[in-house]
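> Residues per chain, in single letters:
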Amino acid sequence: MTWMGICWLLYKMNVKARMQYRLNFVLMTMLASVVTVAEFLGLAVVLNAFGSIKGWSVWEIGYLYGVLMTAKYVYRAFGSAINNFEPYLVNGQLDQLLLRPMPLLLAVITSRTRMVGGELLQSLTVLGVCIARLLSEGRVTPWILPQTLFILATGTVIMFSVGLATAAIGFWITRVEDLSVLTDNATTTACQLPLSLFPDWLRTLLLAAIPFGFINYVPAMHIVKGEWGGWTLPLTGAVAALSLAAALWLWRIGVAKYQSTGT
Amino acid sequence: MVLWILAKSMVRSRLQYSASHAVRTAASVIFGMIYVAIWQGIGEQDPLGEYGTEGMVRYIAFNQVILWLTFTQYGLGLEERVRTGQIALDLARPVHLFVFAAGREAGSIAYNAIFTALPLFFIYDWMFGLAAPREPAVWLWTAAALLMAVYSALCIGYGIGVASLWTVEGRWFHLLNYSLNFVLSGFLMPLQWMPDWLQAVACASPYPIFHSVPAGLYMGKAGPDTLLVPFLWCLLLTAGALAATKLVRRKVEVQGG
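In order, the protein sequences belong to chains A and B.
Under our numbering, residues 1 to 263 are what the first sequence spells out, in order.
Under our numbering, residues 1 to 257 are what the second sequence spells out, in order.
Certain hints may be false.
Chain B stretches covered by chain A per the calculated footprint, using a threshold of three residues with CB under 8 Å from any CB of chain A [stated by the list, open to error]: (1) 67 to 74; (2) 188 to 202; (3) 226 to 235.
Here's a subset of chain B near chain A, in silico, CB distances under 8 Å, partners left out [stated by the list, open to error]: (4) S20; (5) V23; (6) I34; (7) D46; (8) T167; (9) L180; (10) V183.
It should be emphasised that the hints constitute simulated quantities derived from the structure, not laboratory data.
Where a beta carbon is used, it is the ideal one built from N, C-alpha and C, also for glycine.
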């Protein structure tokens, strides 16, 4: 069996395990949908009250939101363990995974699965509605569909890379939950909106250090706004590839430094 | 006395992770700046009514500061105690479970107040000018509103915590509570700017007592009569917490240990 086959088998086992408690599973899916709708409602209410922000309409900002959150939930579906890596280091769970006869990163990723059906449904609905509206207004061409699929893929890679780098830093500092609030939560909150709103230092941070700006804003400046050239798409792909390479490099160094939690 | 000891032990426990906490405070500063940037952007195209851009920046910054006073850990930590079986011992203690859980969490909130909210207040005051009120009465009413907000947050957190005795997915109630708080408390915008239907939903919920009421008092947009609503919610939520405890005592399902 190939590594992919093993991963798929472990993924299915995780899903089955999560569905063992049917009432909890249904409850979790329903609540997850409500939570994500409520989160979007906060932003939607502000946009509804004021129509647009700095030249970005409700539908354009909805597009930014839809791309970002879809990439986030696809990443969370398979990278849930990376996103919550602290317990692996604090409780010594990583020691058990080190004994498995498979690459450590795959062992970590397949050790936990998060069901994200409710959240994905919400983000894809927002994205679909916004794309349909932009198409009907003639502000974008049907090319938006393949381009959006491309940036969803690159966005997921960027999300995963930043998550993996944050987790890898845990090999040195152990407690990474609060760092993840900075690298994941704060950046996600910021990138739901056009980066042009923010001061230069924050924009630079979101483009150079934690490149979440490349998940939606940079490509959207071409796909939706048409203000930047087509070069933004290959650049986005290059940033995703570089981020992944850097994160994997950091992970490898971190694993070599790992000293377990002791007893 | 018991409360004091529980709170003090929690503060000591939190003090062990000061570096991690510093990162969280930095993240909080950035969160606040993101929300402030939204209103500065909107303020360029809209006068923003009675608040104005500067007023809205102060409103948002103040809300970001007080957020840390009502920010409780998931279920006041009761879920972990259910999972490990510790809850059986907690229920046998000669201290009411609510007092025990709330006392510990009060220590955590005191820690947040000193090491996050206070530094944030000074940082935002330096960056945006929070225009501290000069009348002692305004400080007094704001403090009363905040105390009731903290107490209400403890009651709601406790309600979520005891739900762990029946479901292993209680974390979603915590997230739901957090999300509803974000939308309905007036954290991101004053309630009066929301659509009528959402205002009605917000006013029927306890959430405005966390941000809308204290911020209104602090900014001089509301008088002490607004404290009646938080007071009534405190009574109602206390009754709910006591009733929930009585209910969970009948059937305790421990997951492991």
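> Which of the stated hints cannot be reconciled with the structure, identified by number in ascending sequence?
1, 3
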